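Colleague: Chain by chain, the residues:
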Amino acid sequence: MRISTSQIFETSLRAMQRQQQGIEKSQSQLSSGQKVQKPSDDPIGIGRTLNLENQMSSLEQYERNAQRAKSTLGLQEQTLANVGDSILRLRELALQGGSPANDTRERTMLAGEVKAQINILMGLVNTRDDTGEYVFAGTRDDVPPFVVNAQGDVEYQGSPTARQLALNDTTTVQTRDPGDQLFLDGESNVFAAANELRQLLEGSDPNIVPELEQVLVRLGKSQEVLNAQRASIGNRLGQIELTDDFNADMKLQLKQVLSDTRDADYLEAISLFNQQVTALEAIQKTFMQVSQLSILRFFQ
Amino acid sequence: MSGLLRLGAQALSNAQQAINTTGHNISNVSTEGYSRQTVRFETQSPVQRGSSFIGQGARFAGITRNAEAYMSGQIRQFSSSVARMETENGYLARIDQLIASAGSNIGGAIQSFFNATQELASNPAGFPERQALLGQADALLSQAQSVDGVFSGLRDELNTQFRNSVADINRLADGIAMLNNRIQALSGSSTNSQPNDLLDQRDRLLKELAGKIGIQVVLRDDGAADVFVSQGQSLVQGSRSRELEVTSSANDPDLLNAGFQDSPQQYLTDLDGGELQGLRDLRERSLLPGQRRLGVLMMNVATAFNAAHAQGIDLAGVPGAEFFRLDSPAVDGNADNAGSGVLGVTVQDPSQLRPSRYRAAFDGTHWTLTRLADGSSVSGGLGSTISGAGLAAGDLTLNGIDIGVVAGDAKAIATRVTNLVPGVTAAATNTQTGIAFTTVTVANGPADYLLKLDGNVVNYSGPGTATVEDISAAINQMAGYSSSVTNGKLNITKADGSNFTLEESGTQANTQGISLLTTANPDETFFGRVEIRSTGQALVIGGADPGKAGLTTLALNDGGQAFGIDGLKFSLLGGTPTIGDSFEVDPGLSTTQALDLAINDANRIAAAKLDLKIVDLPGTTGTLTINDSELTGSDKFLAESPVTITYTSTAVWGSPGFHVVWGTTSVRIPYNPASSDRNGKLVSIPELGWNFVAKGVPSESDALQVSSAPVARGDNRNALALAALRQAPLAGNGQRRFTEEYSAFVSSIGVAARQASTNLETETNLLQQAEAYLENSSGVNLDEEFSNMLRFQQFYQASAQLIKVADTLFQSLISSL
Numbered sequence: 007m008r009i010s011t012s013q014i015f016e017t018s019l020r021a022m023q024r025q026q027q028g029i030e031k032s033q034s035q036l037s038s039g040q041k042v043q044k045p046s047d048d049p050i051g052i053g054r055t056l057n058l059e060n061q062m063s064s065l066e067q068y069e070r071n072a073q074r075a076k077s078t079l080g081l082q083e084q085t086l087a088n089v090g091d092s093i094l095r096l097r098e099l100a101l102q103g104g105s106p107a108n109d110t111r112e113r114t115m116l117a118g119e120v121k122a123q124i125n126i127l128m129g130l131v132n133t134r135d136d137t138g139e140y141v142f143a144g145t146r147d148d149v150p151p152f153v154v155n156a157q158g159d160v161e162y163q164g165s166p167t168a169r170q171l172a173l174n175d176t177t178t179v180q181t182r183d184p185g186d187q188l189f190l191d192g193e194s195n196v197f198a199a200a201n202e203l204r205q206l207l208e209g210s211d212p213n214i215v216p217e218l219e220q221v222l223v224r225l226g227k228s229q230e231v232l233n234a235q236r237a238s239i240g241n242r243l244g245q246i247e248l249t250d251d252f253n254a255d256m257k258l259q260l261k262q263v264l265s266d267t268r269d270a271d272y273l274e275a276i277s278l279f280n281q282q283v284t285a286l287e288a289i290q291k292t293f294m295q296v297s298q299l300s301i302l303r304f305f306q
Numbered sequence: 010m011s012g013l014l015r016l017g018a019q020a021l022s023n024a025q026q027a028i029n030t031t032g033h034n035i036s037n038v039s040t041e042g043y044s045r046q047t048v049r050f051e052t053q054s055p056v057q058r059g060s061s062f063i064g065q066g067a068r069f070a071g072i073t074r075n076a077e078a079y080m081s082g083q084i085r086q087f088s089s090s091v092a093r094m095e096t097e098n099g100y101l102a103r104i105d106q107l108i109a110s111a112g113s114n115i116g117g118a119i120q121s122f123f124n125a126t127q128e129l130a131s132n133p134a135g136f137p138e139r140q141a142l143l144g145q146a147d148a149l150l151s152q153a154q155s156v157d158g159v160f161s162g163l164r165d166e167l168n169t170q171f172r173n174s175v176a177d178i179n180r181l182a183d184g185i186a187m188l189n190n191r192i193q194a195l196s197g198s199s200t201n202s203q204p205n206d207l208l209d210q211r212d213r214l215l216k217e218l219a220g221k222i223g224i225q226v227v228l229r230d231d232g233a234a235d236v237f238v239s240q241g242q243s244l245v246q247g248s249r250s251r252e253l254e255v256t257s258s259a260n261d262p263d264l265l266n267a268g269f270q271d272s273p274q275q276y277l278t279d280l281d282g283g284e285l286q287g288l289r290d291l292r293e294r295s296l297l298p299g300q301r302r303l304g305v306l307m308m309n310v311a312t313a314f315n316a317a318h319a320q321g322i323d324l325a326g327v328p329g330a331e332f333f334r335l336d337s338p339a340v341d342g343n344a345d346n347a348g349s350g351v352l353g354v355t356v357q358d359p360s361q362l363r364p365s366r367y368r369a370a371f372d373g374t375h376w377t378l379t380r381l382a383d384g385s386s387v388s389g390g391l392g393s394t395i396s397g398a399g400l401a402a403g404d405l406t407l408n409g410i411d412i413g414v415v416a417g418d419a420k421a422i423a424t425r426v427t428n429l430v431p432g433v434t435a436a437a438t439n440t441q442t443g444i445a446f447t448t449v450t451v452a453n454g455p456a457d458y459l460l461k462l463d464g465n466v467v468n469y470s471g472p473g474t475a476t477v478e479d480i481s482a483a484i485n486q487m488a489g490y491s492s493s494v495t496n497g498k499l500n501i502t503k504a505d506g507s508n509f510t511l512e513e514s515g516t517q518a519n520t521q522g523i524s525l526l527t528t529a530n531p532d533e534t535f536f537g538r539v540e541i542r543s544t545g546q547a548l549v550i551g552g553a554d555p556g557k558a559g560l561t562t563l564a565l566n567d568g569g570q571a572f573g574i575d576g577l578k579f580s581l582l583g584g585t586p587t588i589g590d591s592f593e594v595d596p597g598l599s600t601t602q603a604l605d606l607a608i609n610d611a612n613r614i615a616a617a618k619l620d621l622k623i624v625d626l627p628g629t630t631g632t633l634t635i636n637d638s639e640l641t642g643s644d645k646f647l648a649e650s651p652v653t654i655t656y657t658s659t660a661v662w663g664s665p666g667f668h669v670v671w672g673t674t675s676v677r678i679p680y681n682p683a684s685s686d687r688n689g690k691l692v693s694i695p696e697l698g699w700n701f702v703a704k705g706v707p708s709e710s711d712a713l714q715v716s717s718a719p720v721a722r723g724d725n726r727n728a729l730a731l732a733a734l735r736q737a738p739l740a741g742n743g744q745r746r747f748t749e750e751y752s753a754f755v756s757s758i759g760v761a762a763r764q765a766s767t768n769l770e771t772e773t774n775l776l777q778q779a780e781a782y783l784e785n786s787s788g789v790n791l792d793e794e795f796s797n798m799l800r801f802q803q804f805y806q807a808s809a810q811l812i813k814v815a816d817t818l819f820q821s822l823i824s825s826l
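Protein chains in written order, with the numbering used here: chain D, 7 to 306; chain U, 10 to 826.
Okay, the calculated beta carbon distance ranges per label pair:
no., chain 1, residue 1, chain 2, residue 2, range
1, U, Pro137, D, Thr177, 24 to 30 Å
2, U, Asp610, D, Gly118, 47 to 53 Å
3, U, Ala339, D, Thr177, 40 to 46 Å
4, D, Ser300, U, Ala194, 39 to 45 Å
5, U, Asp336, D, Asn280, 54 to 60 Å
6, D, Ser300, U, Glu166, 41 to 47 Å
Simulated from the structure, these hints should not be mistaken for lab results. All values reported here derive from a predicted model rather than from experimental measurement. Where a beta carbon is used, it is the ideal one built from N, C-alpha and C, also for glycine.
So here's chain U without its partners, still in its complex pose (with noise of 0.2 Å):
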């Protein structure tokens, strides 16, 4: 009877028990990650009487919750997965739909930035049709860089969730560490029991986790769960978490890298799916390539705009001014960098940049440019020719002339020109000291290399190796010149304290560079002009020269020592680079934003081309002529119109040539007439950048004036000539036309976001499907729940009645007592 009270005692808390847990069950119906829990009864040992055993009722054995692992698995790959592209589609349906707004169309904007051109064909010299130019230039410009400018917002924007998320991960793993820490206790204190809610809501955490990063979940016996990530490094064990953190990658500040903060430099690599490989991706596929694509575009456009501009005038007769400004793209130094070195990029031609970053690295004496869209690379001896020895605008200033290398490698003149420096500003005492000369070849004599002072011809010994205190000796020899010199440089001074001229030329200097002439105006500074006249880089020459006001830029070739990659020149602008050193350039990134007008005045428009006139002087007997069209040349314009050319059989050193006048500066060009046919003989002026063919037999004296034809209003030839890069493949990489390549960036953008909606339905629905049959098994049925509760409640009351009974049968027993 007792044992029927104990049964009855029994079995009502277990009814209770159950009843409890399906009440749990009910008001977690709604709770995400809930896992179902279902009471377990087992039977009680029996108990032998005689040959029988005696049932002694069921024993509470414990809750199971209705989980499965292996989905939960499952279902955290997938929530990587769908997180990852969830990222990359929000922020890719934004740049569609912002590229499909009317607003943000730069190929329309190109096409009538053309039509403006064409325009501009019909009436050259129509003041609206070319202040319209302008305003189509400036609305394509606004328009690009506002489209450039949201493409960096959402780097911004990009970056900054990548600092979120990895704070989140940050949370998540801590709390995983701490729910593990609390399930080891629980777990261990009583054999078959487990704290479901706790493991719950570990999941859940999980879960959440790998939305963030991919996760690899080791359960452990002791019921801790250990999480790893990226290549099996350890983020979560046990109730231990480590902290990550994030660092811009020393090549590229933007570039941002999560890593353990107990093992900095370490990055993880493997992001394998979450939101942070999402937002990596997005960066590297789809924002990074976009806005390179469009800033080598805007590059493209401008530089052929430019470039065609340049070979037109401008109504005044100017020759064609820069349309478009370009900024030199901005030059990233690896962080890491020990050496000094200073590195300078310059776009030569853009239509061979491709929409990548690029790379240069130095290995103690090459440099590598690699084009990291595809690690295509070039190697080659930059380092060597020019490290340590740059010159930068404005290192130099003599007399208020800044003197500055502007592209390229100019060490030869850099080193010159610097040596000069003491020596010019010396001169204004009238005694020029410390001129470099270096040793210079004089196998032909003169011809090769000449010094005239104040036009005499400085006779040093020759031919063979003429040393400056060859050129010293010549000078004491001259009459009211000494001279002497000072460590390798010479002195020279000039007795009746009035200023001199000083000319170096002949093809040693051309290679060596540096021609110096002062003024023949007595009130100006002395050296008051350097005209710095070579083969060579292009140097910044201005000042107090009244031809030369302001600065001028010379062009100068660069002797094959800067060396680039894709139409970009790479040089050394200073300092002193180490092994390892590296630097980063990403042209269609940096440039976008400082693309301007360079052009306000819209009479500046070089709608026209120049005619040249071409007579001959008074007094010319001869029949030397140049025909007009068989001039040509780069820098054919003007500007110091007119310019003659007088034949002289002595002109140079001695030997027949032209003497060539513009403005106040003159060159001297040999010419043998005897050495001419009736083709006539090709003739090169480098500091014009003239080429021409010279006919016929001059006589002595005889001059050709060369002038600009006075301006037609009228003419549109170069109009139409801008009107036509409309139509040429110049962007692309020479595949496309500029508005053509505009329409594919549009398809690439619009299959980036199609491609990552189709993915993220196709991850979502393997998600879902998932989920639905973990949900299925595992989730809250109310009806299933109402019913066992109808159970467990009949099992209540049935349990009840046991004690009813035992309680009767007693009092029965009682009372018949």
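Just chain D, with the same shape it has in the complex (with noise of 0.2 Å):
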């Protein structure tokens, strides 16, 4: 077949832009370490690509939330383990009140010390988190949950709605109770029980003994109510670990497939890189020496 001088050239020129083109492709993966640059690389794979990488920001998304609900909840159980300590030396105090041997001035110490846990309570379930915000408010955490009204009963001015927080796409946890529930729910009342033994170790009444069981009573139903929260605290603390490792777990598989669809994978770019630059170097070479066939160099 006839060839036509240009089409010589031409046809190793094209041969040479094609290897080239190659080479650029490799090139951009080998320096960016990705192996899809743009979505007509992999569609397919990129549309799976940012999939993957909107859910792995949720998953960070939502251990931010975790970290959030474990500080909060974390604060409350403290807190707890506080208000159940302070009932505790109530209890004690009730029993010394009980004595027979106790004389007015040690009824009023006592008396004094129901006082100073009281405030140590008042205290407690006011306690605020790091933003600044009551953690046995409900939802209205900006002001004092727990007050004192002009007849000296503590008072919620809280909201009864808890508020939630969520650990994934289907699953909420609650972070912050509704404190009335917790220490003024009629016979668990700790400050009315707290109140009663300070009237009873302030009377005069010589044999309260009776009364200190009742109040010893109701601050063993106390103490029940806050046991309880703090399993149910506990067990929101073990949801959120829960699902804290289930995600962690996600992210780590996310991690391996995003790594799978997007990242280049080196030993095969740089001998794909390889083929193609000795591709492109045989063609030069060819290239040059056909170039030089010409029937011209034998009249010179």
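Make one complex out of these two single chains by using the hints.
Modeller: Structure representation (structure tokens):
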């Protein structure tokens, strides 16, 4: 077959250009470390990559949520433990108050300590977290949830609604509990019991043992509510831990899949690059020789 | 001997011609489209001498152009395909690159935006969290708008290229016609010679033309090439070419068409390859669908977020305001519309919206709405119900109050509002004239239609049919008022010169639409407050009333008269359409740029939900209860808290019911405790959008007060609801999450770009093969030319030798004489 001179040059030129395009692509893969440079490189892969990246971002957000939930609940748990100590102390005081050996001075002293414990309790139930919000106020967490009213009773002015935080797409956890059910609920009202204890100790009735026993029963009930709440918080912390672990596993998996779909395989990329360079050199060499093939050379 | 000399001279001239042609070939070795030429010689007729024939040498027979006509045709076809793919590929590669850059990752921006709602849920009162949410929303909008802008820019660029391309076609067609003219002239003069170089030149132009638009070429006997485009329309005929021009299409000014100047309105429908086809395909298959898809996605995000946001309350306890501001899509009236109709389109439910352009066409009685992407359509009676009687915002003003239809059909109401206007202005002199009353059916007496003047029932005769005259007569019976009727409209005058209240209610009134209330405050302008109370359209009201300062939107039903497709509602805003009129709307294209944040104050983000407080007012003795969890309604917010609900056995036209009062508004709702059982009875207050369950038996004048509980700053319930939108399938026609829809969009761009590049490669290979084939047969090979040159040189030398021999022979002869 006849071949035209310009065709000889054209063919070699095209072959070189094709190789150079390949080399350019390999080079950008190697320098960026990413297999997919633009959507057309892997249309399905890039859609998946974007979804995975967003999922990853969600998981990171849920991790932050879990962290916050943990710290809020941890603070609640810590506070409740302190409240528990306070109630224990109140029970001791009630027991001591019942001793027939007590004289007025000792009972006044005991009453004084009960009062101090009430103050401590007031401080505890009005605990604030690092953002300055009250942890036992439900969703109305910008004002002290527990206040003493004109009658001297402790009143709840927080919200009856608890606050939830999302741990993943489907699970939420309660992080801010309304405190009225914990400290002011009927029989288990710790402040009412403590106040009664104080009044009994301050009173002049020499035999207050039956009343003190009643107070002890009520303090016991407060303790029960408290324990139940601590158990509930424990459960929630456990749930957070579990979800968090699960999220962490998911993240690890996502990272793996993401890396598989997005990241360049260096070994493969380098070997491809070398192949392309070799091919280009071969074409260049043959071109050099072919381009010198002219009959004119022999007439010079 | 003279024969020999002649033979030599002829051979010499032949050799010269051959060398010239070789030189021509060599010098054109790099000329594009050049076909190698070869000299043809033929033997001269011999001379008979006796029984023998004596050769007379060779004569120059012409120059052959080594071109293969059928290959040229094929190459033109491949050129059309390649140019088309090249055009598409060029644009798509740019979009591909754009989408790949991190700055345009809208899916990521959506993700960050929803992460910010999670942060808000963690600390709902936190100013930094609130500010961050606004910041992310802003970033999302600007990112979407910049990508949308690039798409729009590419469409502009594409249209410019379309115009340029048509100009090129005209230039090329002109050139071909001129060459035809010259070729015809030259071919005609000598029988078997052709102007080879002109043919090459014409082939080149034809190939270039094929790159712009698909062409069919027919070679004529006289040497001219006729060119046809589209469906056999003639572009070049002999030495004449027809001019193409670019026009905008009547239904879409952005869509360009090419057509012949001498037969306007007839567009080239079948571009059949070339740059033009590439541009058209790119626009229809990639640019528009892509941009629409993004636009619809952004509308989906904005409306879903707005809807959820409206369900909450902000830090001040105010119902969640509009978060994203969305414009109604722009409507393109067809340039050929003969009627005066003005169509309005609102997006009511973007989750149903498809990435398509939509058309509304009027056939004289019905409208047909078509989703142009796939041609599916619905028809309805839009035109028959509201043609010609629409009302636009700003049409009416009264005492500084602007009344206008916000959306939907409001013919019935609008007509009445219109008729009220003269009356209302005249009313400043305590005479109310021109109140329009149509005939009202009052089968059940005042329960159907109740008119009160200063709180007193107008006792028109009923049941039956009451006319405006009946009502006027009844008013004349009331002490201190006089009334008359002018042109079917009611005039009322109060004798003592003070203001009066006119109130229209009842079930009949509700369907008709209007209730007028004057204000009790004499300092205010008479009729300073107009309330349009109906279950109809959305009307804008505002003005002097302190409770309704500024503009207020009331949602009223459309009575099923506006209708729509894919979540779009079409309504006639005004004018009269005529048969054949049409309108088009492209919601995905026209809304992204107008998207904006409606909230600037971070405290207005509604992270909390409203809690209701329902208490018995003092003096209540009955057992009526309303549970807050059983009070529902899309608009249960208490902008004018509190709302009191008072039971009276004669509250509603002498029957038991509730007197419901909030702010300066009061309505009466029938409620019969006798028909209520222990499960309670459902009661509706349409004006508030409330539904609640009333239980128990109230005593006379028992009252409940519904108010909003104090705002809990730590309430994050609505923030959680906002955050949960992220994982809901609210995009892609309810199939995908927002972020997934963006990923799918990116994939679709990738597929298109990849396909274009693969197609381009395939077509280019085909073209190159064909070109190589042609080039190999018609291109110049220098080695060949060099060897020819040597041959022709020797030919020349030999011919010269012939002359020399002839000369020598002649000299010998002369000298021997």
